[in-house]
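Chains as they are written, first to last, in our numbering: chain A, 995 to 1329; chain B, 995 to 1329; chain C, 995 to 1329; chain D, 995 to 1329; chain E, 995 to 1329; chain F, 995 to 1329.
There could be a bad hint or two in this list.
If chains are identical, the list can't say which one is meant, so a pair holds when it fits in one copy or spans any two.
Claimed, not checked - Below are the DSS-like pairs computed for lysine-lysine, each with C-alpha atoms no more than 27 Å apart in a straight line: (1) Lys1080 / Lys1240; (2) Lys1322 / Lys1267; (3) Lys1027 / Lys1049; (4) Lys1098 / Lys1240; (5) Lys1025 / Lys1049; (6) Lys1299 / Lys1267.
Please keep in mind that the hints were generated in silico from the structure rather than gathered at the bench.
6 protein chains.
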Amino acid sequence: MIIDIHGHVVAPPELYAYQSILLSSRGSHGKGKVEVDDDTLINTVWKARPGTPKKTHIELLNEVGTTMQFISPRPFSAMHSVKPEKIIHWYTEEANNLIARVCKLFPGRFMGIAGLPQSMGGPIENTLEELERCVKELGFIGCTINPDPYEGLGTPPGLGDEYWYPLYEKLVGLDVPALIHSAGCISERENYSLHFINEETIAVMSLLNSNVFKDFPSLKIVISHAGGAIPYQFGRFQAASYRANKEPFEESIRKLYFDTCLYTKDALELLFKMVGTDRCMFGTENPGSGSAVHPSTGRYMDDTKPIIESIEWLTDNDKKMIFSENAKKVYNLNL
Amino acid sequence: MIIDIHGHVVAPPELYAYQSILLSSRGSHGKGKVEVDDDTLINTVWKARPGTPKKTHIELLNEVGTTMQFISPRPFSAMHSVKPEKIIHWYTEEANNLIARVCKLFPGRFMGIAGLPQSMGGPIENTLEELERCVKELGFIGCTINPDPYEGLGTPPGLGDEYWYPLYEKLVGLDVPALIHSAGCISERENYSLHFINEETIAVMSLLNSNVFKDFPSLKIVISHAGGAIPYQFGRFQAASYRANKEPFEESIRKLYFDTCLYTKDALELLFKMVGTDRCMFGTENPGSGSAVHPSTGRYMDDTKPIIESIEWLTDNDKKMIFSENAKKVYNLNL
Amino acid sequence: MIIDIHGHVVAPPELYAYQSILLSSRGSHGKGKVEVDDDTLINTVWKARPGTPKKTHIELLNEVGTTMQFISPRPFSAMHSVKPEKIIHWYTEEANNLIARVCKLFPGRFMGIAGLPQSMGGPIENTLEELERCVKELGFIGCTINPDPYEGLGTPPGLGDEYWYPLYEKLVGLDVPALIHSAGCISERENYSLHFINEETIAVMSLLNSNVFKDFPSLKIVISHAGGAIPYQFGRFQAASYRANKEPFEESIRKLYFDTCLYTKDALELLFKMVGTDRCMFGTENPGSGSAVHPSTGRYMDDTKPIIESIEWLTDNDKKMIFSENAKKVYNLNL
Amino acid sequence: MIIDIHGHVVAPPELYAYQSILLSSRGSHGKGKVEVDDDTLINTVWKARPGTPKKTHIELLNEVGTTMQFISPRPFSAMHSVKPEKIIHWYTEEANNLIARVCKLFPGRFMGIAGLPQSMGGPIENTLEELERCVKELGFIGCTINPDPYEGLGTPPGLGDEYWYPLYEKLVGLDVPALIHSAGCISERENYSLHFINEETIAVMSLLNSNVFKDFPSLKIVISHAGGAIPYQFGRFQAASYRANKEPFEESIRKLYFDTCLYTKDALELLFKMVGTDRCMFGTENPGSGSAVHPSTGRYMDDTKPIIESIEWLTDNDKKMIFSENAKKVYNLNL
Amino acid sequence: MIIDIHGHVVAPPELYAYQSILLSSRGSHGKGKVEVDDDTLINTVWKARPGTPKKTHIELLNEVGTTMQFISPRPFSAMHSVKPEKIIHWYTEEANNLIARVCKLFPGRFMGIAGLPQSMGGPIENTLEELERCVKELGFIGCTINPDPYEGLGTPPGLGDEYWYPLYEKLVGLDVPALIHSAGCISERENYSLHFINEETIAVMSLLNSNVFKDFPSLKIVISHAGGAIPYQFGRFQAASYRANKEPFEESIRKLYFDTCLYTKDALELLFKMVGTDRCMFGTENPGSGSAVHPSTGRYMDDTKPIIESIEWLTDNDKKMIFSENAKKVYNLNL
Amino acid sequence: MIIDIHGHVVAPPELYAYQSILLSSRGSHGKGKVEVDDDTLINTVWKARPGTPKKTHIELLNEVGTTMQFISPRPFSAMHSVKPEKIIHWYTEEANNLIARVCKLFPGRFMGIAGLPQSMGGPIENTLEELERCVKELGFIGCTINPDPYEGLGTPPGLGDEYWYPLYEKLVGLDVPALIHSAGCISERENYSLHFINEETIAVMSLLNSNVFKDFPSLKIVISHAGGAIPYQFGRFQAASYRANKEPFEESIRKLYFDTCLYTKDALELLFKMVGTDRCMFGTENPGSGSAVHPSTGRYMDDTKPIIESIEWLTDNDKKMIFSENAKKVYNLNL
């Protein structure tokens, strides 16, 4: 069984046209809704993505052999730095609703991960109602957290800051994990893709240098894209922990979970060695940043299943944990 | 022969007291100078660093077996975002002068790398005179470039921007390489150490997505800290290059050089595999972020020489290139 | 013959999904393009608009009896205040291209009016190339001008300011008129629809209190929505002109043209009386703000043809001028 | 009987010299007071206005035949965006005091309308004491409200926002109406006169799209200058109300009152038709924006009494309501 | 003969009412003019000032025995930080014109000192035309310079900065001196009166620490209010000059001129001792800050003539220089 | 007995290097501490100051004959406008600790005056703990207050504002006086030394125009540098008090204390005459701004003891009060 914990919904253009209208009207038309029927939704998931015309979302998952994928709204579209705040809520709700419909249309194939209507400078409390709605009403099993709702326009409180505590409390209360995944970046220098990586690097250190896991021992946090730069720059942070006589970094890092959203074997091996296979969950962002055919293998780069399987020093149990068991445990799945 | 291309001067407190006065007076006292005699300078280099009382700079280098270290001003003290600009110049000149004196006092042991008096929002042309002075008068063999003189307070032009061209032209004219190394970060969330990593990640992509190496084919750029997150997130950028039908990332990355400023074996192996041993130069930042004793080895973590030597798949020639030959070639050293 | 000079393209969601991606990625994916085939375009024009399910664009025009409509990009989607400027250019070009295709698919039914890639704070010169492309290559017969590319975020130069002169010069050179039509408004208080009206009020006064028509005697400017508040508040401006011994307002106002984009008979009569039937051109924004069924007539409110026809004091020639002849002359149409 | 509900005090230069000192000293001299004796006040009202040398305030009113005029401080002098807030209070109090003296000096001829010491960014509660003082101590019968105390420097809360509720509550408590009339505009593009019109357009929609009249059913709001652009653009807002299935605009508009401060017959007719003669009160701003002699009639344009009287379709009762009865009822006058 | 070099025009309220209108309308009415006849002007000068009812401007001068006073516009009314710049020009021109009329109406009694239309952030070149007009057309003999046209809202270039060079060049070309006198201060903490003192303190040091007098050896600069704090804090600046091996402060200070605008004998003595009687010119600001009756003497405090005359150690020649001869020389008066 | 109430600690470079690290790291290393042993501290106090090589701190005091000096942290290094606030606290604590050690090493020679960790925009309450620690644990006898923790970057509340009341209350509770002494100034125009003077001028007026001494009758405030410009500009403020019928300035000024930190005899005489010898305390800032040898006397200018002694009109009792008795009383010393 293969569970891919890091996917995003492939939505029809109507969702983004809806977002475009919200941005153009600043919400003066009222909430409205995305009008799209089930056939369109099904076709979209089956439809070839622009630029990679040969394969559809389902085909790609089939090719990998993915049994189940967790899908959340497309992060870089989250527009968390836009005003007024209400249009973030409206768009996020519609995106979550669409995901719920896709999950229902493809039962067992997709599970919903909620996007949160975070707002630059706004209180985190404003996201709790939507989180609760998604989990309790739509059956979602987790959410994403954008550590930078300022989208590069200012400095948000670090994830170790008490600003985030109401959300952590709610996550613990609902017993669902959160995937740390930043959104857009309003910068001509640092595009959203680099921003993802950099924000994850900051997120890990902000969490581990804080009291978050002391204050919320049962909080489950998953870091996207295999932890940004952290496993690679591991020694730098180990040395800092030794010098400060704090908990050794190789121990504190294991309070977190990581997806395997990397596309080279060497990097995946580094990840498994640094954080342990019991903290890693198969995740691909497929279709997404890795959706390109590698010229030498002829395979999509985000089909990393064979790569992981080819790592000789991983035991069968390691692989099972990575591919499904860790995810089942972390996300409380009975499959 | 061991050449460590990434070191910073261990300066006496008088240098930083001088900087403190410049900041307090905003330069209204005039430039003044750092008053410190040769004995003090020698003692400082020999003196134990606060917090790691057993070893001095020279002792640490001896322990590693470093024949020669390239030293630049301490990056996080560069204060590039401070006004008025003149005090950046004054401090940088004094810091470079001190380095020149240390190099002379320890002939053959240290080589100077110039700090540049970059200024948030100021023209890059203002740094050229000091670069030329350092190379032509003080005998320095390179410089550092801070890709973010805003120190987190705004968005500088990316390194691919024509803003930087006058500096690149001067570097090519003087035939000296530049080490990309960011400075401080005015943020309560992203400390300077994380900023280093993140800025290097941005720097690599900004350079490779630009015309810089087409416009300056002989420009030599070295990325600090082994390239930030790039070698680890390699596949992400490969996929992007394939998708865009651009030069494959595994080729374009090889326009850059990298130091080996990592402190774990697995990460070093990843670096060598991703960019090639001919693009890597031994560098440790010693004493610096890696200067902590690893509890299981009892050795300083920034003594990575034995780690590199222990990588079995590296040939003798690979190691020779990493430890000295690449540096000699890149920095035009006749040793 | 009925010519409706004020219409906007009814585009498929793919255009706005494209815009949404530009906004989310800030252009880091490159320009890309809107991928939509001719059938979809044709269907869209024929397709019922959301919320008014019974009638399509063509059906609505047919119901009115409109022979030809001039169509421009949807103004409130222009996103002129967004950075980086390049994504405004990309979106505008795609929107104009789509209009060109629609015009070709419905020959004689639609004529293209170019949207301009204006940019908050940017030079107006940056719009000239797209204007020229639209007129010379795509066969467009005019353009819209957004008097407030700041979209409420700041104070642009008034239309009488020399900032706009390069555009006026180009318009005169190409011999095409411009429709003054503002775009979005980033404000929770003044929505885009009120902003249209208010900006038109400002635009009229800014132009008439300037040297624009002295410096560009052959410039043809059309004010949307029947001139905002100006014809209604006419006496106020008359009095000011008398008091200042300037050209009487009732004369200077006749340097401008106006559409008839009002939806009540009394207002239309006021317009015709204040500015003269020779300065008015039939325009409806259909489908748009007036697309609602009036409960007492059962007709779409933007079907103002019968209303105008019912104004007894208008001569046949007046009506002919309003419905087609003025437009033919102003837009140089040989029909 | 003719009641003109929209007039402003014609004050001696001492009032504005007082204001100038407050602005120059930022209040550091203390409050001080306007020193002007009754004779000067009387002379000022009788004195010819600069630029229209033949007629005085009283003569102009006599010429119209105005029995009574309501006078408030000159709106564009309100300086609501200036700091510190205390000088706004001081100036407003002196202006109101002067009005009280004029009313006493010309008994039955003038009634006082309070200016409020509104302050950009300050709480509306700070204006309540002065409102109460004017009504209870000075015998005033209403007040003006500036919907934009930011004077164009930012975005105030719309009149539908709860920010304004304490003022509405006080107005209801005192049972006095408020005239919506904006003040200055710090903009080189939109002068104060256009700002009046535009702010009134926004004010109407902000009020009607809110819960204000549900929450304060007995609140009496009068819109200056005949409602800005609203009666002219009436259909636009009707269509929006139909489309949204809200209360039809032609009904909701009748929650408001309007002055007749227009200077052309056609516009006045439009006003009466759109909002009903029972919602209109004679108002001229005389002497003010309309105080210019029309070249073809030889009469002051703000003498609109004969114009209204000449509208044939108005009944005698309509005219009586417009000229006096509505005002008596709205302002609780026993005359 | 007594020449008082530091007086300001006592203008009728019409001037400030004019300014108030400019501020309220932001200039949208056009320039207009101050309408006041000669009788009013004469009466104003003769009229008792508010708050000190017993004495008029002329009476006060007579009481002192002042033969001639130099008068400039009231500094704190200069509104140099206000936008748009044109209204500063208009107000300044009207104020200067009024001064010219007063000088003509009281021949030999008053001489004009031009106010300059300085503008926060604007180029100093914009003031040159008005300076030239005042000197060449109105017969003025000098001007004031406001060292802080930002009125406390930001940091202007110091008087030693090359920003001011075009003005210095013009002053030298016209051979007229400038009186350094700041204007208003937009601050609730530092009122304009303290700002005068503080700005003069800064002005002296900015000039003396610059090349201004090297670059303009014949420039004549007079510091208001006896030099702010400088003569009192003299030793502080002497010590700094000795420590820096620069020209001794007791010498460099003598490049400047000072008025005697102090109101206590001890302070006047200090001034004369510190800068020399050949650099001091009688000045009182009468009527102004010193216009209060001292309870123990019963005399106006700004009548400092008897105080200066009572200083025993001053020679007759010293007194003559102070009272008239220095002024004649500096201002090129043939009396 | 000579007590010098205005001195600053002469600290070793390690203190400022510590500050430099805090600024460069923004505190990300944690607080750390200044590592310097007693011998170094003793040597520093005895060591010649840079630039005046012949005399040490102790030698200078000996030369003057100073029995005891009160020492506080070097004001211009206070960095109160820097963020994050915690590094201000850390630096201030270390500076105060160093002073405590110096006081202990030179018993009877030095007494500690606390620097307060004030922070731009932060609540004054945050300084109270350190004040209490210094007085209760370190035995300090007073503190300094920086009236401008914005260091020129904005406008702080004046000292008369209630913002400061919690500090005044604590001072009264601890029964210790405060020396008003501003810190750095982030301005290229107004250096810190001028800022001291100007801030003191503002401080005096802000306090005297407030209710502070009515609300805290036992509060003891000492103004540095002999009151800035106030004693020299005395008459200006006298006149204002007479005009406003307030307490005469010559009385209100006597609620404050002043040091004698002036370096010329005439200025000192002026000070004593204006405020009275019972309000003055010997203070020199030695070594500091006055530490330069006067060329004509060959003595350090800050050795003002002989100057004060040479003032003939001072009685022996006056001198005793100035040199020691006032200080004993104000600072509650039993010597």
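Each hint tested on the structure:
For a Cα distance limit of 27 Å, the shortest separation of Lys1080 from Lys1240 across copies, 21 Å, qualifies, whereas the shortest one inside one copy, 43 Å, does not. In this homomeric assembly, Lys1322 and Lys1267 come within 27 Å of each other (Cα to Cα) only inside a single copy, at 22 Å, whereas the closest approach across copies is 34 Å. Proximity of Lys1027 and Lys1049 under a CA criterion of 27 Å is satisfied inter-copy only: 20 Å between copies versus 29 Å inside one chain copy. For a Cα distance limit of 27 Å, the shortest separation of Lys1098 from Lys1240 qualifies neither inside one copy, at 47 Å, nor across copies, at 35 Å.
In this homomeric assembly, Lys1025 and Lys1049 come within 27 Å of each other (Cα to Cα) only across copies, at 23 Å, whereas the closest approach inside a single copy is 34 Å. In this assembly of identical chains, Lys1299 and Lys1267 lie within 27 Å of each other by CA distance both inside one copy and across copies; the values are 18 Å within and 21 Å between.
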